Amino acid sequence: MNAIQAKLEAIRNQYMEALVKADGSESLQALRVRYLGKKGELTQLLRSLGGLPPEERPMAGQALNELRQEVEASLERQAVLLAHAEDEAMEASDRLDVTLPPRGRGWGAFHPVVQTMNEIIDIFVGMGFSVAYGPEIEDDFHNFEALNIPPHHPARDMQDTFYLNSGKLLRTHTSPVEVRSMLKWGAPLRIIIPGKVYRRDSDQTHSPMFHQLEGLLIDEDVSLADLKGCLNTFVGAIFGRPLDSRFRASHFPFTEPSLEMDVECFACSGRNPACRICKGTGWLEILGCGMTHPNVLRYGGIDPDRYNGFAWGMGPDRVAMLKYGLTDLRVLFEGHGSFLTGGGY
Amino acid sequence: MQISWNWLNEYCRIPLSPEEAAARLTVTGCEVEDIQRPCKALRDLKVARIERLAAHPERADLFVADLDTGRGRSRCVTAARNLKNGDWVPYGGPGSVIADGTVLGRRDFDSIASEGMMLSAEEIGLPGIADEFGILRLPQGFSAGEDLVEALELDDCILEVSVTPNRGDLLSLLGLARECLGVIPGASLKPTDMGEPSSGGNWPLSWDGLYLEDPGCPLYGLSLAPSVQIEPSPMKTRIRLAFSGVRSINNVVDATNLVMLITGQPLHAFDLDRLPAREITVRGAKEGERFTTLDSREHVLSDADLLITSGGVPVALAGIMGGENSEITADTKSVAFESAYFEPLRVSRTARRLGVGTEASYRFSRGVDPSRVLPTLSLLSNYLLGQTGQRVEKEVRVARTRTWEKRKVVLTRKKLHRVLLWDDMKEASAFLERLGLKEAGSSEEGLEFEIPTARADLAIEEDLIEEVGRVRGYELVPSRIPPLLRGTGHVGDEVEAHRRIRITAMSRGYLEVVTYSFIHPRWTEWLRIPESDPRCHGFPLANPISQDQSVMRTTLLPGLLQALQTNIRSGWKDPIRLFEVGRVFLPAEKEGDEHREILRMAGIAWNGRDRRILYDNSMKDDLLSVKADVVSLCQSRGLMPEFCAGREPFGHVGQTARVTLDGEPSGYLMSLKPGILRELEIPGPVFAFEVDIESMLPDRGFRFGQVVRFPAVYRDISLIASLDTTVASLEKEIRILGGPLLRGAVLFDVYQGKGIPEGTRSLAFSLAYGDSSRTLRDQEVDEVHDALRRNLAEKGFVLR
Ligand SMILES: [Zn+2]
Numbered sequence: 001m002n003a004i005q006a007k008l009e010a011i012r013n014q015y016m017e018a019l020v021k022a023d024g025s026e027s028l029q030a031l032r033v034r035y036l037g038k039k040g041e042l043t044q045l046l047r048s049l050g051g052l053p054p055e056e057r058p059m060a061g062q063a064l065n066e067l068r069q070e071v072e073a074s075l076e077r078q079a080v081l082l083a084h085a086e087d088e089a090m091e092a093s094d095r096l097d098v099t100l101p102p103r104g105r106g107w108g109a110f111h112p113v114v115q116t117m118n119e120i121i122d123i124f125v126g127m128g129f130s131v132a133y134g135p136e137i138e139d140d141f142h143n144f145e146a147l148n149i150p151p152h153h154p155a156r157d158m159q160d161t162f163y164l165n166s167g168k169l170l171r172t173h174t175s176p177v178e179v180r181s182m183l184k185w186g187a188p189l190r191i192i193i194p195g196k197v198y199r200r201d202s203d204q205t206h207s208p209m210f211h212q213l214e215g216l217l218i219d220e221d222v223s224l225a226d227l228k229g230c231l232n233t234f235v236g237a238i239f240g241r242p243l244d245s246r247f248r249a250s251h252f253p254f255t256e257p258s259l260e261m262d263v264e265c266f267a268c269s270g271r272n273p274a275c276r277i278c279k280g281t282g283w284l285e286i287l288g289c290g291m292t293h294p295n296v297l298r299y300g301g302i303d304p305d306r307y308n309g310f311a312w313g314m315g316p317d318r319v320a321m322l323k324y325g326l327t328d329l330r331v332l333f334e335g336h337g338s339f340l341t342g343g344g345y
Numbered sequence: 001m002q003i004s005w006n007w008l009n010e011y012c013r014i015p016l017s018p019e020e021a022a023a024r025l026t027v028t029g030c031e032v033e034d035i036q037r038p039c040k041a042l043r044d045l046k047v048a049r050i051e052r053l054a055a056h057p058e059r060a061d062l063f064v065a066d067l068d069t070g071r072g073r074s075r076c077v078t079a080a081r082n083l084k085n086g087d088w089v090p091y092g093g094p095g096s097v098i099a100d101g102t103v104l105g106r107r108d109f110d111s112i113a114s115e116g117m118m119l120s121a122e123e124i125g126l127p128g129i130a131d132e133f134g135i136l137r138l139p140q141g142f143s144a145g146e147d148l149v150e151a152l153e154l155d156d157c158i159l160e161v162s163v164t165p166n167r168g169d170l171l172s173l174l175g176l177a178r179e180c181l182g183v184i185p186g187a188s189l190k191p192t193d194m195g196e197p198s199s200g201g202n203w204p205l206s207w208d209g210l211y212l213e214d215p216g217c218p219l220y221g222l223s224l225a226p227s228v229q230i231e232p233s234p235m236k237t238r239i240r241l242a243f244s245g246v247r248s249i250n251n252v253v254d255a256t257n258l259v260m261l262i263t264g265q266p267l268h269a270f271d272l273d274r275l276p277a278r279e280i281t282v283r284g285a286k287e288g289e290r291f292t293t294l295d296s297r298e299h300v301l302s303d304a305d306l307l308i309t310s311g312g313v314p315v316a317l318a319g320i321m322g323g324e325n326s327e328i329t330a331d332t333k334s335v336a337f338e339s340a341y342f343e344p345l346r347v348s349r350t351a352r353r354l355g356v357g358t359e360a361s362y363r364f365s366r367g368v369d370p371s372r373v374l375p376t377l378s379l380l381s382n383y384l385l386g387q388t389g390q391r392v393e394k395e396v397r398v399a400r401t402r403t404w405e406k407r408k409v410v411l412t413r414k415k416l417h418r419v420l421l422w423d424d425m426k427e428a429s430a431f432l433e434r435l436g437l438k439e440a441g442s443s444e445e446g447l448e449f450e451i452p453t454a455r456a457d458l459a460i461e462e463d464l465i466e467e468v469g470r471v472r473g474y475e476l477v478p479s480r481i482p483p484l485l486r487g488t489g490h491v492g493d494e495v496e497a498h499r500r501i502r503i504t505a506m507s508r509g510y511l512e513v514v515t516y517s518f519i520h521p522r523w524t525e526w527l528r529i530p531e532s533d534p535r536c537h538g539f540p541l542a543n544p545i546s547q548d549q550s551v552m553r554t555t556l557l558p559g560l561l562q563a564l565q566t567n568i569r570s571g572w573k574d575p576i577r578l579f580e581v582g583r584v585f586l587p588a589e590k591e592g593d594e595h596r597e598i599l600r601m602a603g604i605a606w607n608g609r610d611r612r613i614l615y616d617n618s619m620k621d622d623l624l625s626v627k628a629d630v631v632s633l634c635q636s637r638g639l640m641p642e643f644c645a646g647r648e649p650f651g652h653v654g655q656t657a658r659v660t661l662d663g664e665p666s667g668y669l670m671s672l673k674p675g676i677l678r679e680l681e682i683p684g685p686v687f688a689f690e691v692d693i694e695s696m697l698p699d700r701g702f703r704f705g706q707v708v709r710f711p712a713v714y715r716d717i718s719l720i721a722s723l724d725t726t727v728a729s730l731e732k733e734i735r736i737l738g739g740p741l742l743r744g745a746v747l748f749d750v751y752q753g754k755g756i757p758e759g760t761r762s763l764a765f766s767l768a769y770g771d772s773s774r775t776l777r778d779q780e781v782d783e784v785h786d787a788l789r790r791n792l793a794e795k796g797f798v799l800r
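So the sequences go chain by chain: H and F. First residue of the first sequence: 1, per this note's numbering; consecutive thereafter. First residue of the second sequence: 1, per this note's numbering; consecutive thereafter.
No wet-lab data here; the hints were simulated from the structure. Among the clues, some could well be false.
As the list claims (entries may be wrong) - Only pairs whose alpha carbons sit at most 27 Å apart, straight line, appear in this in silico BS3-like list of lysine-lysine:
hint, chain 1, residue 1, chain 2, residue 2
1, H, K279, F, K40
2, F, K627, F, K673
3, F, K732, F, K673
4, F, K426, F, K406
5, H, K168, F, K795
6, H, K184, F, K732
To be verified - Stretch by stretch, here's where chain H covers chain F in the computed footprint (C-beta under 8 Å, at least three residues):
hint, segment
7, 69–81
8, 145–151
9, 205–211
10, 217–227
11, 274–281
12, 453–463
13, 486–497
Being a predicted model, the structure only gives us computed values, none of them experimental. The beta-carbon is built from N, C-alpha and C at its ideal position, and this holds for glycine as well.
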């Protein structure tokens, strides 16, 4: 090793020692001046290279240059590290309690029936049904007569229907839309009819206004088997798992045969005689259904010899109450904040 | 309807427990809602005979009875005053249990011990069978010590049956027995031949005739009991009626009820001596004619009502209720019994219009079996003679204007298979035969069946398919997804729009509510809506349940305000925002048009009260924060609403905006009038909006903007304008005057007060200039901007 190399080595050691001690941008600047400045140690050494014998010059020059670059790079690296440390110190002093409540409006709340209605709609749309609507203020023809309920028939208990002074009435079911849709679109037809309906009845389980979701499928060669298939699929989808069902004979003027569908109590599956949801029967009454009565098809302008179909009507309010474990129907229409927000306001 | 299980089994032997039979009946369409055993609590009650009855030596209000209980003597103290020596009574000794579960014991009544007690009808669980006040006195013919429950056949259960309106035939024991035979395998019918009574004129008194003047009554039979003794019914009848839920009146009236329960044919008993004439005419009522039924209610009749008259005077409302003027009393000596067929719709119409529902009208409305009209009179006379010793004339008087043919209906293999995916015609026929239908012919397509007259509900092939289906069991029909696919279903614009809107509202902090479509009629007044406003003319309900739900809403606002009031009244103090999508109902716009049902969305925001809020002002709603909600809601359907100052009868005069969508006025945004807030007792401001959704239904898609590659150059402008100059108009002015290079103008400061003249405010806009094909030079921008300033100054604005 020659003298110049020894010198460089000494400078390097000295520099490294100083660099480690540097604790801020000022001391880094001082180091830069001391080694790389116009009168810096390395600058002066460079100037002295001219005094070396020519054959030593290139090697000494290269060694000197490498050291310069090393100093340069380490100063920069150190500057970045120091800047980060300074930032973090500043950030640490500017602390926010992240458990403070958020500012601004939070999520509101959905209404159980509207939510359930939408879920039911999606299930049936998935089976090829389309949504249809009709008026809530109806006439006698669409609400009763066209549904095979003649005037004065015991099936239309006057106590149950709200009338307007004009003689029109508030529809007592969504079924009038069946006839309107048949007249509008003809067969084949696959529709669901969600909406509000009205009956003159008010207590814990009856509200003068409630919701219905009706369905109608008309095609060539429709069987009760199709009805069972669609409704069983629906029940499995809305309650999240396949549930046992049973179909009881019943009577609706607009279907023949008419049935009521009960589903296995999703809470106890019939295993709890004290079950509050099914009252120990193991079954939940969920909807009425049947094969569309030929008279109704005729009123809808559809040839009952060529086409037949099935229809059902269910109460989304009841489905929502079962789904969310609610007991008082009337609460659904009073807009209580504590109810809608789950009491978490 | 209440059915006694034991009584039913007298007509049909059912090889099942009541519970099993109830389950089977329910599944096949005759719902059994409940099974009761009214006497199940009774234990160890006996029949006893009063040997000696004496006054209590110390207590004037009590008696002491020595009873023969079959196993010796027992002594009882009683307060009942209806007893005498030799009476048979129900007796419960110490340790026995009465209907309410009380265990009887010994009890001292002033030095005399009562060992158990003699019982009233109520104490054995059948208050309805009492025929007098006090202890229940039993008929002769028992022996002392006999078990009471066995002696009176009280070990029965009562089925509470709910019959659908098409099945009038099930409103009788005979009908139910037939149904049980049809749906319960192994059941067997016991023969009951009532026999047709002979009709003629052989009565021991003069009779002027029966006249049917109205087609509403095509068949009318009358039988005669010329000399009767009115008294309580036999105990067995009283118990049967009690188990059937029918009140016992006297032997004659009870006989008509009992027979009706068996055959389903309602009967009516007239006091013959009180009939104005010895004739009966069935005719339509005259409009406005008055008639007082035996419940002392006077009715004003219409010409659709059907009357039974005698000598021109109404004596019964046909098929519904008799009149006060001819009802059976304790003094009645001779009785005429009516059995008739009345047209179901006539009876149901009158009964519903007058609000009178009786066991008779219930059955006539659903149709009685015409073939049982006259035989029921035979059954009645057999019962009266056999059970009460009252004699009825053999011959009945009959008037008839119609006969009934048995209907024939064909069941085809094809249709049966189409519905049930099953077509065993032999088995199907067997099901129908058990229900009383007769195979009357066959062809290649199917079988023809003769329908019993009781089953008026079986009229078409589909009805037969239902009978086969329900008896065979719907569980045997497979379950399948309809094989014919007809393409995808469509949610449609309305559901789509509603969904988008509700999600937007909820994510902006609104609670979704559903309120009633009918409101209190005074809401229009409370909201100061004037006569001239269509919203003042909501449709009133002709028959509301209550006043606060009696008029169809014309705006969603009342429902939301009412919900807010409900919350405030129940102590809610936090800020709350409510949101609803629903229809309002408005009168037709011009004569002859349909009424209008308009789908709207509405919301209200209230800032709460008496609550300290962490971020206070930034959390409080005001008209502009709610305006942002309206904008977002409309934008969720691709529409940008416009706002201009507007008026609403219920809106704050200075803070009401009209909302315009696609150039059409669509609703309002406002702060509720302070005066209305005071009257509704809502503290603090309420901000509300209501907008038609109709124009938001079509999906407009979305048009994306151009990519900007050359940055804009910004210049600010600040000017002083009169308070009457709206921001919108100023923005518009700037856009017009700014020329083609002006990309946008954003208001960033509004100032009013010190240093600015009264009646004006200072507004500052940040303007962006740009060109889509190049970067603008400063000098170029300055020229355009200066021109804009000059133009604005020329328009009279003071530039700062
Ligand atoms: Zn359960």
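Hint check results:
1. K279(H) x K40(F): Roughly 22 Å separates the two Cα atoms, so the pair holds.
2. K627(F) x K673(F): Measuring from Cα to Cα gives roughly 17 Å; hence the hint holds.
3. K732(F) x K673(F): 30 Å, violated
4. K426(F) x K406(F): Roughly 22 Å separates the two Cα atoms, so the pair holds.
5. K168(H) x K795(F): 59 Å, violated
6. K184(H) x K732(F): 47 Å, violated
7. 69–81: Violated: only 0 residues of the segment 69–81 of chain F have a Cβ under 8 Å from chain H.
8. 145–151: Three-residue rule not met by the segment 145–151 of chain F, so violated; n is 0.
9. 205–211: violated (count 0)
10. 217–227: violated (count 0)
11. 274–281: violated (count 0)
12. 453–463: holds (count 3)
13. 486–497: Result for this restraint: holds, n = 9.
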